[in-house]
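Starting from the structure of chain G, add chains R and H where the hints point.
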Amino acid sequence: MLSPSGVVTLLTDFGTQDGFVGIMKGVMLAINPSLHMVDLSHEVPPQDILRGALILQSAVSFFPPGTIHVAVVDPGVGSQRRAILVETQNAFFAGPDNGLLSLAAPVETVRRIVNLTNTQYFLSPLSHTFHGRDLFSPVAAHLSLGVSSETFGSVVTTMERLFLPQVERTETQLTGRVLTIDHFGNLVTNITEADLLPFSREKLWVSIGPVRIHGLVFTYASVQVGATAALINSWGMLEVAVRNGSAAQRFGAQLGTPVYVSKE
Amino acid sequence: MLSPSGVVTLLTDFGTQDGFVGIMKGVMLAINPSLHMVDLSHEVPPQDILRGALILQSAVSFFPPGTIHVAVVDPGVGSQRRAILVETQNAFFAGPDNGLLSLAAPVETVRRIVNLTNTQYFLSPLSHTFHGRDLFSPVAAHLSLGVSSETFGSVVTTMERLFLPQVERTETQLTGRVLTIDHFGNLVTNITEADLLPFSREKLWVSIGPVRIHGLVFTYASVQVGATAALINSWGMLEVAVRNGSAAQRFGAQLGTPVYVSKE
Amino acid sequence: MLSPSGVVTLLTDFGTQDGFVGIMKGVMLAINPSLHMVDLSHEVPPQDILRGALILQSAVSFFPPGTIHVAVVDPGVGSQRRAILVETQNAFFAGPDNGLLSLAAPVETVRRIVNLTNTQYFLSPLSHTFHGRDLFSPVAAHLSLGVSSETFGSVVTTMERLFLPQVERTETQLTGRVLTIDHFGNLVTNITEADLLPFSREKLWVSIGPVRIHGLVFTYASVQVGATAALINSWGMLEVAVRNGSAAQRFGAQLGTPVYVSKE
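Protein chains in written order, with the numbering used here: chain G, 1 to 264; chain R, 1 to 264; chain H, 1 to 264.
Next comes chain G alone, as it looks inside the complex (with noise of 0.2 Å):
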């Protein structure tokens, strides 16, 4: 059995200016006082589940064995959608089950998964609006005390799923997608290094709107300041991006923008 770790993560779309974040941390503090509370990010487009899911999983490999994620990007709090922990083979994660827990908890990692209806460890009473304060801090605090996971609600055997789009391939050609863009404005696609293993690394064609990105480079410093570059990240997907420059404002490209690979 997996032990917490006593090391809790944040991820919300709730921003810092109102001070939501802070209270999440003040009731795991009074429950739990030797916590130590990471902020992955607050700044989740509001709603934007897929977001919130996609950063989640980049991060939680990280991470001690054992860490509890805490995530709410939750459109529906208060509503029939379940409160859910879920327990993989290396982490525990509490959130709401609209697939923000998906990426990071793949079908093949869960051990289990629970349906948070235990009232007795909620806060009372319980609003139907704010269940990151309510719900789901004071659940992750009383696991983090030891508490195992099956005394929060009933043993359930699915949850909620996102599906990425898929890279669509030809002999020659592969189709991806900008997944996310980052602070820098990079573009992170959907096609991994694995994708590209049927192409060469020097002579393949990067293709996004009317510019072609002639091989990959190894980082953002083997172009001229300005240039536009196309490489493996450090997540292994393939990235846009220009030196010292935003690839998103240089292209106009948002999420979904197509992003072709090909042999020449």
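Since the hints were derived computationally from the structure, they do not count as laboratory data. All residues carry an ideal CB built from backbone N, CA and C; glycine is no exception. Hints may be right or wrong, so weigh each one.
To be verified - Here are the simulated SDA-like cross-link-like pairs (lysine to any residue), alpha carbons at most 25 Å apart as the crow flies:
#1 G:Lys263 with G:Asp195
#2 H:Lys203 with R:His128
#3 H:Lys203 with R:Ser79
#4 G:Lys203 with H:Lys203
Said to hold, decoys possible - Among the chain R residues that face chain G by a calculated CB cut under 7 Å, a handful are:
#5 Leu35
#6 Val38
#7 Leu40
#8 Ile55
#9 Phe63
#10 Pro64
#11 Gly66
#12 Ser148
#13 Thr172
#14 Asp182
#15 Phe184
#16 Thr219
#17 Ala221
#18 Asn233
#19 Asn244
Coordinates of chains R and H only, in the frame set by chain G:
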């Protein structure tokens, strides 16, 4: 007597770009390396004492007893405004005596107010412009180590207080105001759940600008995406929201915009 | 020999939306679960090494001796630029060798510079684009556990250094520059309190663009709301401010804008 819990919260209008908040934490950790520090908000609009006071008020009840709240929205820094430490039944507050602490520390809860004049606990030299670093942080850290509050200066009997706009009542109508606008653009009013007791949840009308909303719902997801909802939020206040959208933008509402509740 | 204090600060240009900083903390907590981590700033403008160096310089003296400062503004990541660990009288610094660490670690304080080449302490595989995660974080965490600095690579004798614009002097006038603009829009110059010793506080004139300010005040509140103030800020630098407003906006000032001090 209340003992400090080892948890310190920070609320400022300093933003997070310049390192000011990190420096305050450095000062505190140099005095008490085992503190738990939680950010409430550093995005209080510059010099907006009321906004800071409201955030602090919304948060304090969720922290462990004995939490020390350091709040610095301080347009009068270096002037004759007093620096104070307030001890209530449940918490400690350190900040400028300009009303910032007053909503979180209502009169009936206050046990002691100390005018912070004992320079022995300040950084030296004391700057004229950054008491967050030089005065409030070291006082809070020494307090957390068990230095009793009256050691930091002389006990005084009053502090500056803010007064919120009152809800106006007639037999059939309430007139409230938008008190704050959160990260999602939800409009939080000064009308409380108690104010609404004479009204029927299902039959009342909430009016803002030209828009009338019929009845209260329990949660955002009770209405269609893009539709308007009136509800009691997680602090027991009447709130006007747009599902998965921004009510502030939709209504062009600002702080102080009137909101009416009527029986029909 | 200086011992690590268990406090780590983080300074980056990563922003806070993508989870990059949280991931660095996860890497460190997986190695040393008892670290205290403090964010200095993650809003350094992308690739702005000077701005990062100034923030770091302003902060280091307020942290406990032995604090480990991890700073990553790293446009040359993955290129031939060195990754270094710098040990001074009071602190440790890990970051790229591009000048970022140089203002906080002046020559006379440096005890040792290590070229970080021992891959045994890096995450594996080492990415080409995210050394904050794969190199600087694990090195800092191992350092905090007592691994001595020369274990991480070979000792070198020099590091890249930034040089600030110098103040120009005549008998009757100083010419300085806006060095940084803070969150409030205050203009921080490169003119120090010492530079001003030949001038009378009450009689000097500070000029920026077409505006002349007579004398220095001690604090923002010494002038009327909306009025201009010149003062020595909490780091001992000449600063131009607008009370409860933004001097940057008022004067259309930018980094490098000249500021003059004259006797009359």
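Each hint tested on the structure:
1. G:Lys263 with G:Asp195: Judged against 25 Å, a Cα distance of about 13 Å means the pair holds.
2. H:Lys203 with R:His128: 20 Å, holds
3. H:Lys203 with R:Ser79: The given pair, whose Cα atoms are some 22 Å apart, holds under the 25 Å limit.
4. G:Lys203 with H:Lys203: Between Lys203 of chain G and Lys203 of chain H the Cα gap is close to 69 Å, so the pair fails against 25 Å, i.e. violated.
5. Leu35: For Leu35 of chain R, the interface hint is violated, since the closest Cβ of chain G sits about 11 Å away, which is over 7 Å.
6. Val38: Status holds, d = 5 Å.
7. Leu40: 4 Å, holds
8. Ile55: 4 Å, holds
9. Phe63: 4 Å, holds
10. Pro64: Where the cut-off is 7 Å and the nearest Cβ of chain G is about 4 Å from Pro64 of chain R, the hint holds.
11. Gly66: 10 Å, violated
12. Ser148: 22 Å, violated
13. Thr172: With Cβ-Cβ at 27 Å, over 7 Å, it is violated.
14. Asp182: Hint holds; Asp182 of chain R Cβ to chain G Cβ min 5 Å, cut 7 Å.
15. Phe184: Check passed: Cβ of Phe184 of chain R comes within 6 Å of chain G, closer than 7 Å.
16. Thr219: 3 Å, holds
17. Ala221: 4 Å, holds
18. Asn233: With a minimum Cβ separation of about 6 Å from chain G (threshold 7 Å), the hint on Asn233 of chain R holds.
19. Asn244: 5 Å, holds
Hint check: violations occur at hints 4, 5, 11, 12 and 13; the rest are consistent with the structure.
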